[in-house]
Structures are given as structure tokens and as C-alpha cells.
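Given the coordinates of chain A, assemble chain B onto it according to the supplied hints.
Number of protein chains: 2
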Amino acid sequence: MTTYHLEIRVRPRPGLLDPEGTAVHHALDSLGFPGLSEVRIGKIIDIAVDAESESEAVDLVEAMCRKLLANPITEDFTIVHRTDPALAGGAS
Amino acid sequence: MTTYHLEIRVRPRPGLLDPEGTAVHHALDSLGFPGLSEVRIGKIIDIAVDAESESEAVDLVEAMCRKLLANPITEDFTIVHRTDPALAGGAS
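These protein sequences, in sequence, are chains A and B.
One gets the numbering used here by counting positions in the first sequence from 1 and adding 833 to each.
One gets the numbering used here by counting positions in the second sequence from 1 and adding 833 to each.
Just so you know, the hints here were simulated from the structure itself, not pulled from any lab data.
Beta carbons: idealized from backbone N, C-alpha and C, even for Gly.
Heads up, some of the hints might be wrong.
[Stated by the list, open to error] Partner residues aside, some chain B positions facing chain A, computed with beta carbon under 7 Å: (1) 849; (2) 850; (3) 860; (4) 861; (5) 866; (6) 871; (7) 879; (8) 897; (9) 900.
[To be verified] Reference listing, derived: stretches of chain A covered by chain B, where coverage requires no fewer than 3 residues with Cβ under 8 Å from a Cβ of chain B: (10) 854 to 863; (11) 872 to 881; (12) 889 to 903.
[As the list claims (entries may be wrong)] Listed below are the simulated DSSO-like cross-link pairs for lysine-lysine, each with C-alpha atoms no more than 30 Å apart in a straight line: (13) A:876 with B:876; (14) B:900 with B:876; (15) B:876 with A:900; (16) A:900 with A:876; (17) B:900 with A:876.
Chain A on its own, in the form it takes in the complex (with noise of 0.2 Å):
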């Protein structure tokens, strides 16, 4: 058994509506932040799950994601590895 560390991502569909985006947009726009055409809001989701082969740690969380992390009518999940080179950022 081997623990991966994977990341899930779950975003609303494109062309719903996303009132936590709308809203964080507005907000934005009053702080003096022009220029933004596009501001939508999900979850991201650390996860550690012991399995015996990368494959199968993957096929776990994609039915978590199916079963109680991913709204199926409303969002859509992608599930990548946990390591993205970031452009910025760090404690805020």
C-alpha cells in the first residue's frame, strides 16, 4: 500500500449560474480592481488515500467525487497530482 496525495477541483459547470462568483466579482470591482471579466469560485479538496496502485487511488476518488464531493447536476471535478509550480503566492 502506498498513500497518494491527490488534489480534486471541483468547479461549477460552465454557463450555471455561480452566485459566490458574482458576488466576489462585485466586491472586487468596489475594492478598485478593474479590468476583471471572469470570476468563478469552487472547492479544491486535499486528499491522502492508501491504495495499492496510482490507477486504483485515482478510480477511489473519482467515486468519492461521484458519490459526495461533486454535485452531479451542478459541477463538474477534475482530479489531478498534487504538485503545481505556482507563479505566486504563499502565506498571505
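For chain B alone, coordinates are given in the frame of chain A:
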């Protein structure tokens, strides 16, 4: 002016309690998914911003994170390009 599509990932800081992640961890255990050692939940914000250069776009988005999008006490953020090869996912 070019429109830059960036992705912000806002996560609870390591070591800080993440009650939402803990609740989802328990829910997944109850649904019959064993072998989970970590579940932590953050936000993913897709943003399209007009700027003269990529570095200006990143600087703008970093300022948005510090002013509104991330809680400086409890959260860290990273800013990345919106392009990632998915291991699995799509329509949930």
C-alpha cells in the same frame, strides 16, 4: 491589453483546524471509503483579468488575494496558470 486566465488556490494553513475537511473525512468513512489519511478543503477561484503583461496580471491577483480573497490569518494562497492535465474527471 491581454486577458490572462489565472487560477487561485486558497487553502487552510497546515496545522490549522479544517472543520469542513474533517466533516467530509468522516462522511467518506461512513460511505465505506477506508484508507483516507487526510482531507482538507479550500477554494479555487478562476479569474480572467486584463493586464499589459503576465507579471502585471499576477501582481494584480496577488493584491486581490491579500485584500479580499484569502484570510491572512488562516489561509495560504497560490496563483497558477489555468492549464492542468487531469488524471480523471470531467462531468461528474
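| said: Holds or violated: the hint that residue 900 of chain B contacts chain A, with Cβ atoms closer than 7 Å. | reply: 6 Å, holds
| field | Given pair status - residue 876 of chain B, residue 900 of chain B, alpha carbons within 30 Å | value | Given that 30 Å is the threshold and the Cα spacing comes to 16 Å, the pair holds.
| request: Can you take a look at whether the stretch 854 to 863 of chain A is actually covered by chain B? Rule is 3+ residues, C-beta closer than 8 Å. | output: The restraint on the stretch 854 to 863 of chain A holds, since 4 of its residues have a Cβ under 8 Å from chain B and three suffice.
| field | Hint status (Cβ of residue 850 of chain B to nearest Cβ of chain A, threshold 7 Å) | value | 15 Å, violated
| said: Given residue 849 of chain B as an interface hint, is its Cβ closer than 7 Å to any Cβ of chain A? | reply: 13 Å, violated
| Was the hint right that residue 866 of chain B lines chain A, CB cutoff 7 Å? | 6 Å, holds
| Holds or violated: residue 879 of chain B as interface residue toward chain A, Cβ cutoff 7 Å? | 5 Å, holds
| message | Run the distance test for residue 900 of chain B versus residue 876 of chain A: straight-line Cα separation, threshold 30 Å. | response | 20 Å, holds
| query | Should the hint that residue 861 of chain B touches chain A count as held when the rule is a Cβ pair under 7 Å? | reply | Given a least distance of 6 Å, the restraint on residue 861 of chain B holds.
| Interface restraint verdict for residue 897 of chain B against chain A (beta-carbon cut-off 7 Å) | Status holds, d = 6 Å.
| message | Hint residue 860 of chain B vs chain A: min CB-CB distance below 7 Å? | response | 6 Å, holds
| task | Please count how many residues of the stretch 872 to 881 of chain A have a CB within 8 Å of a CB from chain B and say whether that reaches 3. | result | With 10 residues in contact (Cβ-Cβ under 8 Å with chain B), the coverage given for the stretch 872 to 881 of chain A holds.
In terms of the numbered hints stated before, the structure departs from hints 1, 2, listed from lowest to highest.
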